[in-house]
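Chemist: Heads up: the protein sequence lines correspond to chains A and B, in order. For the first sequence, this note's numbering gives the first residue as 1, with consecutive numbering after it. For the second sequence, this note's numbering gives the first residue as 517, with consecutive numbering after it.
A few of these clues could be false.
Beta-carbon label-pair distances, calculated as ranges [claimed, not checked]:
| id | chain 1 | residue 1 | chain 2 | residue 2 | range |
| --- | --- | --- | --- | --- | --- |
| 1 | A | A302 | B | V525 | 41 to 47 Å |
| 2 | A | S353 | B | L559 | 44 to 50 Å |
| 3 | A | E423 | B | G574 | 50 to 56 Å |
| 4 | B | V525 | A | S286 | 49 to 55 Å |
| 5 | B | L559 | A | E142 | 28 to 34 Å |
| 6 | A | A302 | B | V567 | 43 to 49 Å |
Hints were generated in silico from the structure; no laboratory data involved. All C-beta atoms in this analysis are idealised placements derived from N, C-alpha and C, irrespective of residue type, glycine included.
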Amino acid sequence: MNGSVATVGRDLGRILEALGGLVIVSLVVPVVWGEYFALPALLVSALVPLGLGRLLYRRFQGAEAPGRFHGMIVAASGWFSVGLFGSLPFFLIAWSVQLGVPGFTTPAQTATLAAFTEPLNALFESMSGFTGTGLTMTDNEELLPRTLQWWRTFSEWVGGVGVIVLTTAILSRPGSGSLTLYESEARSKKIHPSIVSTVRTIWWIFILFTFLSILALWLGGMPIWGAVNHGMTGLATGGFSITDNSIATYDSVAIDFVLIPVMLLGSIAFPVHYLILQGDLRNFYSDLQTRWVFGYMGIGSALLWGLLYFAGPYETPFAALRYGLFQFVSAATCTGFQTAVDATNVALGRWPSYAQLTVTFGMFVGGAAGSTAGGIKLIRGLTLAKGIRYQIADVFYPETAVRRLEINDRRLNEKEASREFIEAAIIVVLWIVFLVVGTFLLLLTLPSGEYSLANVLFEVASAQDNVGLSSGITGPESLPTIGKVAFLFHMWIGRLEIIPVLVMLRTVFKRGGLYQ
Amino acid sequence: MMPRDLPVVSAVVEAGADDRIFDSLLLIGPLVIGLIVILGRSLVTEAVAIVYIATFVGYTLYRAIRE
């Protein structure tokens, strides 16, 4: 047991050190924007995880490399800790403005910022950021200090790739331990034989695409601060915005259509991006997941367009196309940017139930495994669909027949096919179970009659699939405390694909004597 | 001392697609954004941004054809 604690403690320490480093990097923002009152709060927010991380790392420096079990515990506890300590900038800056900082001029407190004086709201915002969800406890993001606008964006940007990927890239510890941790963060494919080279290449691709996204949005008409923030959160498929009505604030066709490829880039696996940059464009159609990113987004968007135009609230084919396409891509890539709001057209929460459920299905499936997107992932959905067909077709073959299941150019024998099918089925079943339980819980805690079943299911799916689209339920006042706690859990399990969190909880309960 | 020996440059060159053009785009990216922040929206900055994106798209297609 002590060995396990040491291994987990050492790697958790590294993750916290990396988080402290991220906050230190962010110190430049209040300096540039003249928000000096945020400096002490941000400095404390950096020093706490940095100090604790350093302490843990020094204490357990000689611990053994993590095995699969440790990897899962590190991933689950690491992501929770990052959410927890990442909430400090929200909490401390909100209190700095509330109480004033001696020697600094502080702006007037706003209801939006005051929401973060509640620790639970600050934790919610942080967890939503790092998991790339995008549901928010703010009423009006425009009123937040630029420092917090940046911290929300930065947390989603880093979280999109993954805190373990970041830690491995910076601290570059080669070997099987880093690979185990990498895999426990819902990634599997490597780009290079070395895991350190792989994660550095992932960051290389991600940073280059971030610059391209920012410039494309700016050319589309977005102001540069908005382009920086939305470029980062769009590519990370996070969805936090710096404006009150998300992307609808700009009410620009050009910006809507520039963001679609940005979100799509984020939902394609990094190893495929790498091959495409090497000149192998065939991967757009030869890679199963990438082919389906386009196929599934195309089919879903066309269906939603049809529903919104022929039976829904939009009167022109172009309006239905503009909002239907954007919202389906935003949902299925798990970004969560919103253009369908009442201020400019018809809010998502007031779309017909069948349209909302189409979007919910998009969120549920999500993007490609190995990308920044959430959901159950396309490869899992495809494995399940092909596996079911394989199992049913089995009846029509003689018992002696040798059959193979083909998935993404891999020919699996019966044993391999069965194992992959079961693994996919377990995740999907658990996903649905938590979705249903969360929906029941929210229905019980929300004021009766205020929201429809479609609204509630939509919101829970949005949290669990790390999307961030809202039917109007999430907010500092509108979402009850139980709902906030439940959503924290949904976002956490959604980002890590459930299993690591369950392994950690089982370990904690078992060792705490609560589970035998 | 060569430019590729500088800390940030060497990290960029060692990772990624092992290609000078892509590496250069990555290194120039912050400068282009910085230029836009300082100069604001103008014909010059818009042209620079267009050239940046066009270089990326064009070069990716060129590599694909060459392959």
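Chemist: A separate judgement is required for each hint: does it hold in the structure or not?
Modeler: A quick look at each hint next to the structure:
1. A302(A) / V525(B): 41 to 47 Å: For V525(B) against A302(A), whose Cβ atoms are near 46 Å apart, the range 41 to 47 Å holds.
2. S353(A) / L559(B): 44 to 50 Å: holds (49 Å)
3. E423(A) / G574(B): 50 to 56 Å: Since E423(A) and G574(B) have Cβ atoms about 42 Å apart, the given range 50 to 56 Å is violated.
4. V525(B) / S286(A): 49 to 55 Å: At 34 Å between Cβs, range violated.
5. L559(B) / E142(A): 28 to 34 Å: Given about 29 Å between the Cβ atoms, the range holds.
6. A302(A) / V567(B): 43 to 49 Å: violated (35 Å)
In this structure, the earlier hints numbered 3, 4, 6 are contradicted, and the remaining ones agree with it.
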